[in-house]
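Listed in order, the protein sequences are those of chains A and B.
Going by our numbering, the first residue of the first sequence is number 1, and it counts up by one from there.
Going by our numbering, the first residue of the second sequence is number 579, and it counts up by one from there.
Incorrect hints may appear among the rest.
As the list claims (entries may be wrong) - Derived DEER-like restraints, expressed as beta-carbon distance ranges:
#1 Ser544/A x Leu638/B: 41 to 51 Å
#2 Pro602/B x Ser557/A: 42 to 52 Å
#3 Ser464/A x Asp597/B: 23 to 33 Å
#4 Lys3/A x Asp592/B: 23 to 33 Å
Claimed, not checked - List time: in silico DSSO-like cross-link candidates among lysine-lysine, alpha-carbon distance up to 30 Å:
#5 Lys582/B x Lys387/A
#6 Lys629/B x Lys124/A
#7 Lys371/A x Lys311/A
#8 Lys582/B x Lys455/A
#9 Lys387/A x Lys287/A
#10 Lys3/A x Lys582/B
#11 Lys226/A x Lys287/A
#12 Lys40/A x Lys387/A
#13 Lys591/B x Lys564/A
#14 Lys275/A x Lys629/B
#15 Lys148/A x Lys111/A
#16 Lys3/A x Lys629/B
#17 Lys527/A x Lys3/A
#18 Lys387/A x Lys404/A
#19 Lys266/A x Lys591/B
#20 Lys287/A x Lys591/B
#21 Lys266/A x Lys3/A
#22 Lys574/A x Lys629/B
Read the hints as simulated data drawn from the structure, not as lab findings.
Note that the structure is predicted; figures quoted are calculated from it, not measured.
Heads up, the beta-carbon is just placed ideally off N, CA and C, and yes, glycines get one too.
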Amino acid sequence: MDKILRIDMGAEGGPKINVTPLGEYAGFGGRAMTSAIVSKEVPPLCHPLSAENKLVISPGLLSGTVAAMSGRLSVGCKSPLTGGIKESNSGGQAAQVIGRLGYAAIVLEGKPATEDLYKIVINKDGVKISVDNSLKMLPNYDLVAKMKAEFGDKISCISIGPAGEMKMNIASIACTDMELRPTRHAGRGGVGAVMGSKGVKTIVLDDTGMSMRSPKDPEKFKDANKRFVDGLKQHPVTGQALPAYGTNVLTNILSEAGGYPTYNFKQGTFAGASKISGETMAELETKRGGIPTHGCHRGCVIRCSGVYNDKDGHYLTKQPEYETVWAHGGNCGIDDIDSIAMMDFLDDNYGVDTIEMGATIAVAMDAGIAKFGDAEAAINLVKEVGKGSHLGRILGGGAAVTGKIFGVERVPVVKGQAMPAYDPRAVKGIGVTYATSPMGADHTAGYAVATNILKVGGFVDPLSPEGQIDLARNLQIATAAIDSTGMCLFIAFAVLDQPETFQALLDLLNAFYGLELTGDGVVALGKKVLSMERDFNARAGFTSQQDRLPRYFSTESLAPHNVKFDVKDEDLDKVFNW
Amino acid sequence: MHIKINLFATLRKDRFDTDQREYPAGTTVLDALNDLAISESEAAIIFVNGKHAGPDHVMLDNDTLSIFPPIGGG
């Protein structure tokens, strides 16, 4: 990973490849790399779909090594959804493969003058770019099947579906998993639309003939990895709960805690929660011959995913994540698990963010476009997006656009991006993260739910404004650093509770790169990433007024605890005071 | 007094999903855990009426007690 692959899609005579050394970006990976390149090279006032925007794809610092959990990929750009900087993160095989192919980043620049659609193939022999208009408007599963037929089953794919080609704000970028299925997505912020604007349908990766990246100190690295894996297996969340039930184990607890946004954030508990819970889903998957415990990339030891089969025992989709089940489930008043799984498949196939799609449908339901609880109508709305009908194009604009067009007053977005599956009034720490993250409303940017609800990393009362600023600040810093390592964020459950597992993570980085990094160094990296991102947003026109939740969260109470979001504005402005 | 008990994830094994039980006045969360043969370390997250509660919490008639093992997601 000592070079950057730049492809100018707008070069005269066709796309031009330029491989450069890391230069000033040495020492960066993942989110640090994407945010560094975007903040330095992209004009903050550019249109996100213009030639001036860049799509930066970067494996983390440890991706491509044998380190467990190191398969996360960062995708960065100026976001069409938020208008600010974006880092969207995905699992799947791509990060490991790009790392082994030697690239610290792939940067798509410029914009083709024609409507041609390109595929990019990267393997040990180099990079080939060709026009392939036969791929136009193919959904992700069909696209991957076609690439498999052409290049064999040793490949991994990064791709966009029809939503990306139509440059929708909610378009995702898909990454294939171990079974070569396009199930893992850089979902948030419309990164798929930026890839579509570059005219790139897919990047086909093949690391055949390449070897694992080798550490500077192999013995120390091996020892650190063993301690790291032991720590993950020993912690009850990463060692037992996530493997057994997946992320959807959260449905019941959030509904019990009164923080489960239901009917477009109107109440905090959902009567149908148990029907769509992780417990129910795991039982159903086992009964139908699916798999309740499955990793999204090689080297994953938590294995929080699974395989969801339909009623006849045939593969339908990967195990839908908690956020997806919530967005298409309780938030839309839907308690039919098969319908939710169908929408998960459709979202992956068309290439849209499951959170934004579900949140948008709930806003459309508030507008009377469909009735809350009507699963068939919800499925049809997702299909409208896939077809690109006029209604579909509106919904494809996301929750904020849909709310404006249909005259909906209560639209749960920050910086134009829909809130995920925790009501900020009843889980106030995550409310601070939603408000202040440079990404817009994003639970993964500083997952205060861990400490507010799950009692991981201590306990801060979710219903009180006290302590939430410090919590969200520290978690945002830690997350920005973890997102730069290529590590799955779920390692945080063990790292927050077990100092020896955090040390093992530091030792992995130190043994690989020959560093003397300490906890303070990790904090410094996190702060640096956040500072670059906030600087970009400031130059793009963002002020503290964008670091706020929609007003109704402060003025309207949420049942059953009858709470409002009461963290003071002046305190929100202190999150990044360091 | 009348207490509704909800159990989740692994705590349901060999027990139940939801049950109604009668306890004497002054019963604490810890008393209920003992009755259910759930150790304090297994009961990582405890809610009484949807609010976090500790083992010493004294329950009242018609309370709902929800108990979770260590879980995470996101």
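For each hint, the structure was consulted:
no.	hint	in the structure
1	Ser544/A x Leu638/B: 41 to 51 Å	holds, 44 Å
2	Pro602/B x Ser557/A: 42 to 52 Å	violated, 35 Å
3	Ser464/A x Asp597/B: 23 to 33 Å	holds, 31 Å
4	Lys3/A x Asp592/B: 23 to 33 Å	violated, 57 Å
5	Lys582/B x Lys387/A	violated, 48 Å
6	Lys629/B x Lys124/A	violated, 56 Å
7	Lys371/A x Lys311/A	holds, 25 Å
8	Lys582/B x Lys455/A	holds, 23 Å
9	Lys387/A x Lys287/A	violated, 34 Å
10	Lys3/A x Lys582/B	violated, 61 Å
11	Lys226/A x Lys287/A	violated, 34 Å
12	Lys40/A x Lys387/A	violated, 37 Å
13	Lys591/B x Lys564/A	violated, 37 Å
14	Lys275/A x Lys629/B	holds, 22 Å
15	Lys148/A x Lys111/A	holds, 27 Å
16	Lys3/A x Lys629/B	violated, 52 Å
17	Lys527/A x Lys3/A	holds, 25 Å
18	Lys387/A x Lys404/A	holds, 22 Å
19	Lys266/A x Lys591/B	violated, 34 Å
20	Lys287/A x Lys591/B	holds, 17 Å
21	Lys266/A x Lys3/A	violated, 49 Å
22	Lys574/A x Lys629/B	holds, 28 Å
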